Amino acid sequence: MPQPNRTDPALIRNFCIIAHIDHGKSTLADRMLQLTGVVEDRQMRAQYLDRMDIERERGITIKSQAVRLPFTAVDDASYVLNLIDTPGHVDFSYEVSRSLAACEGAVLLVDAAQGIEAQTLANLYLALENDLAVVPVLNKIDLPAAQPEKYAAELANIIGCDPSEVLRVSAKTGEGVAELLNEIVRRVPPPVGDADAPARAMIFDSVYDTYRGVVTYVRVVDGQLGTRERIAMMSTGATHEMLEVGVISPEPTRVEGLGVGEVGYLITGVKDVRQSRVGDTVTSAVKGATEMLSGYQDPKPMVFSGLYPIEGTDYPVLRDALEKLQLNDAALVFEPETSAALGFGFRCGFLGLLHLEITRARLEREFNLDLISTAPNVVYQVAMENGEEHTVTNPSEFPAGKIAEVREPVVRGTLLAPADYVGPIMELCQARRGVLLGMDYLSEDRVEMRYTLPLAEIVFDFFDQLKSRTKGYASLDYEPSGDQAADLVKVDILLQGETVDAFSAIVHKDKAYSYGVEMTKKLRELIPRQQFEVPVQAAIGSRVIARENIRAIRKDVLSKCYGGDISRKRKLLEKQKEGKKRMKMVGRVEVPQEAFISALSTEPAGEKDKKK
Amino acid sequence: MTDTGDMPSVPLDGDPVPRDGALPAHSLEGAGTRPFGVYVHVPFCVTRCGYCDFNTYTADELRSRDGSATASRETYAGQAVAELALARRVLGDAEVPVRTVFVGGGTPTLLPPEDLGRILAAVDTEFGLEAGAEVTTEANPETVDRDYLLRLRDAGFTRVSFGMQSARPHVLAVLDRTHTPGRPERCVAWAREAGFEHVNLDLIYGTPGETDEDWAESLRAAVAAGPDHVSAYSLIVEEGTRLAARVRRGELAAPDDDTMADRYLMADELLSAAGLRWYEVSNWAAAPDARSRHNLLYWTGGDWWGVGPGAHSHVGGTRWWNVKHPAAYAARLAGGGTPAQAREVLDAADRRFERILLELRIAEGCPLHLLDDAGRRAAKEAVADGLLDEAAHAHGRAVLTLRGRLLADAVVRDLT
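Top to bottom, those sequences are chains A and B. Residue 612 is where the first sequence ends in our numbering, and the numbering goes up by one at each step. Residue 416 is where the second sequence ends in our numbering, and the numbering goes up by one at each step.
Mixed in with the good hints there might be a few duds.
Cross-link-like lysine-lysine pairs, in silico, DSS-like; alpha carbons within 25 Å at most [said to hold, decoys possible]:
(1) B:Lys-324 <-> A:Lys-584
(2) B:Lys-380 <-> A:Lys-577
(3) A:Lys-511 <-> A:Lys-402
(4) A:Lys-581 <-> B:Lys-324
(5) B:Lys-324 <-> A:Lys-560
(6) A:Lys-571 <-> A:Lys-560
(7) A:Lys-402 <-> B:Lys-324
(8) B:Lys-380 <-> A:Lys-150
(9) B:Lys-324 <-> A:Lys-580
(10) A:Lys-560 <-> A:Lys-575
(11) A:Lys-580 <-> A:Lys-560
Across the chosen pairs, the derived CB separations fall in these ranges [claimed, not checked]:
(12) A:Gln-496 <-> B:Arg-19: 56 to 64 Å
(13) B:Arg-249 <-> A:Pro-592: 28 to 36 Å
(14) A:Met-585 <-> B:Ala-331: 34 to 42 Å
(15) A:Asp-510 <-> B:Glu-239: 48 to 56 Å
(16) A:Thr-338 <-> B:Ala-94: 55 to 63 Å
Just so you know, the hints here were simulated from the structure itself, not pulled from any lab data. Note that this is a predicted model, so its numbers are computed, not measured. A virtual CB, placed ideally from N, CA and C, is assigned to each residue, including glycine.
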């Protein structure tokens, strides 16, 4: 069996699996672990490589993993297969691209009952751009609803191969998995690098571990990385002591070093993943390489949201929690923010909506926090007539005064759906200011549509709308595609003349009115009547575009208060006073926390209660 | 009717009371310097009205499973007299002449007037009734007649309060009140003939099915009968009552708060026009001396001893309440101990809070010096909002305006 550090690159195959959520990637990985004997059957647990609870529950991989599999192929040679598990979501497309860059081949895994999805297609294109050898595979061929002929034709059409070259497996039963491993050996080229050159290794993942500090996953391109040498991060020049080098098989195993084409991990004692960033190149501190591997980018948050603890006293807990998450998430950025309505919190930047959702879920679950998040927004560039430029990550900071131009980020979106749904999708995209770029039939009844869409239109319930209009059949992928000038305005929501900062939104001029009407209606229903009439207004600048009134409460008195009522009445009023303390004050208006939560949720007012 | 009011359920738990009913020394201090009254709760009714959740029992409800009575109205007067003797022991040697007596229920007039007279005589024996004491009983118009009222007057009662509720038969039917229309008005006349100085009519508004016109009619009928006092209460649909069940099943529609507010305004308008002036949120009187002095004692921090099952008492900052069931009540007294179930010894903050909440409900209002800084700021805002009277505020008092009376609880929360 080839040992790490001394493995002939010719015997190495580095590959990843590109698949949509639910198409069986993790199950296939499990079978590979079993088949190559790195995990004994009795130790096997479902989705072995997905270590985070959320990953396992949601069936997605957030962080990638790499596992070294020894495999004796049909030619009786002993190979080393490095399976690099890629994150499965558009938000993490940069991390996906780095994982792909660490591989020479990709298994394109598609559900034989469902066909390819937009996101898989996007990742496939990414793999083709990286010159990866693609091994197309249909999974779940044991399902009664499987249509292997149809989808093999579709895959062959997309990647330009013969349908007979599409492998068929059942990750569940293990059928066809051994053949797949042999095909990987046969079709994926071995890594090529200069063993005598200064070491260069690309970081494709970086994970914080409570006991070990940051564990950095690398693919060695040239040279060799060994223990007891100092290494340098080429993007920053920072150097670190190498404490441990290892491979995952499937538990971390210490090794002497890693050679050309090998995949493994490094531990340097660094405590924060931002010091060991995905895409960066690792080299030796002494006589290191001078040229970085290409493709490094700083993570760039695309979507922002304010996160506030429901209990104000949880603010320090939230700060600690964000700091801890950041140890393991170089893309997460946050800074303190104060909202008149919500109190103290943080404006947080995310790669996308899923990143936001997962971060929020982890904060709530792992740190026991109850949070309110403001509606997600994108970053706007605002140019003023006087030449000033503003970058706006929080709608309430949208500048007043004469604005020359507002620019918003746009994305290039790819939508895949059965042909029947072309109409509803076009309607939706049009309503969201999308511009159709083109449309292709992947097969007789499946269509690929390409749109330019403002990112802001996608971050707000676009996925839900798309799913509901296409009965869940459509899939979407997108990638940043620059920015555009747009006719955008800030709509403020005012309670009794006071702006409620948490509800300010930047919307297209044509939608300002409907946003205003919707929010004022919602708030009228959610805010209890006060001792005075409360106008709820939506305004652009000083111009009111919608108005509702919360009528003054007229009766708040118990009509009887005699000898036997006094103790009870005192206790009742004291209890009500306690409730009053939990209200947030907007000017003189008492607003229950629940009203903010409901108003900030995307559901229509009242829906939440109905579901209970 | 004073035992349980229209109070949403707040658990009332207190501290234990010594078996002899002894009070903390500081509560006994100054007894006799504060006005002192006696409340007597008569926990019996012929039938239970559908809206009622008071501590009262029908004869059926007092029978045990084998059919024997666990308590009865025949033996009740004796128990009340026994509790008055206990009261005297607890209050020690202090001179505590009784300024007011109020007999409520239930239906006090289910007892023969002689029984009520016997209890009143015991009050006099134990404590001494002040000259000119106000002695009130509640009365159900159906259970009294001219003769009964004469005998009550002879027994020493000076004031009678009739449960009229409504002048409209369909409204009375929803309330399960069985009296015939016109009967309360006749009772007022009989009471005047019998020599009662003060007569009150109780009214209820906001009964399901009552219209504004029904309510106006009830107010007009009450005023025409010529009482010198009217109490008007909004109907509260109490959990656990038959009325609540009917509302829940959708048979009856409970009016909303806005309707209740409108009815209150009608009441204030019609009663004021008839010369009855408000002096407490739900009470109107024809003259200062027509006000219920007993109830004012509750609202101004006086002492009183509450006799009877479930009755509440207050002496010098200690509040306590008796066990609720008549049988348990009788057993406690027969055993020689106090019938008190639990008590609450108020601290300074509780007492200040209570003063504000009670005094704010009366026409004199509460002095601004009771309020802390935040309370005084809130008072200014309440004046600006039209909830507190501007002139009274300028003279150092927080007095509710008409609109403020309807929002009294909100004002209390702001001021405390």
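Q: Could you grab the alpha-carbon distance between Lys-402 of chain A and Lys-324 of chain B and see if it respects the 25 Å cut-off?
A: This hinted pair is violated, its Cα atoms lying about 73 Å apart.
Q) Are the Cα atoms of Lys-571 of chain A and Lys-560 of chain A separated by 25 Å or less? A) holds, 15 Å
Q.
Lys-380 of chain B and Lys-150 of chain A were given as a pair; does the straight-line alpha-carbon distance stay at or below 25 Å?
A. Since the Cα atoms of Lys-380 of chain B and Lys-150 of chain A sit roughly 78 Å apart, the hinted pair is violated (cutoff 25 Å).
Q: Could you tell me whether the CB distance from Asp-510 of chain A to Glu-239 of chain B stays inside 48 to 56 Å?
A: holds, 51 Å
Q | CB-CB spacing for Ala-331 of chain B and Met-585 of chain A relative to the 34 to 42 Å hint | A | violated, 53 Å
(Q) Can you confirm whether the C-alpha distance between Lys-511 of chain A and Lys-402 of chain A stays at or below 25 Å? (A) holds, 21 Å
Q | Proposed proximity, Lys-584 of chain A with Lys-324 of chain B (alpha carbon, max 25 Å) | A | This hinted pair is violated, its Cα atoms lying about 41 Å apart.
(Q) Tell me if the straight-line CA distance from Lys-324 of chain B to Lys-560 of chain A falls inside 25 Å. (A) With a Cα-Cα distance of about 20 Å, the restraint between Lys-324 of chain B and Lys-560 of chain A holds, given a limit of 25 Å.
Q: Could you check the hint for me, namely that Gln-496 of chain A and Arg-19 of chain B are 56 to 64 Å apart, CB to CB?
A: 57 Å Cβ-Cβ, so the 56 to 64 Å window holds.
Q | Assessment of proposed distance window 55 to 63 Å (beta carbons of Thr-338 of chain A, Ala-94 of chain B) | A | holds, 60 Å
Q: Could you tell me whether the CB distance from Arg-249 of chain B to Pro-592 of chain A stays inside 28 to 36 Å?
A: holds, 30 Å
Q: Would you check the hint for Lys-324 of chain B and Lys-580 of chain A, treating anything up to 25 Å between C-alpha atoms as holding?
A: violated, 33 Å
Hints 1, 4, 7, 8, 9, 14 from the earlier list are contradicted by this structure; the remaining hints agree with it.
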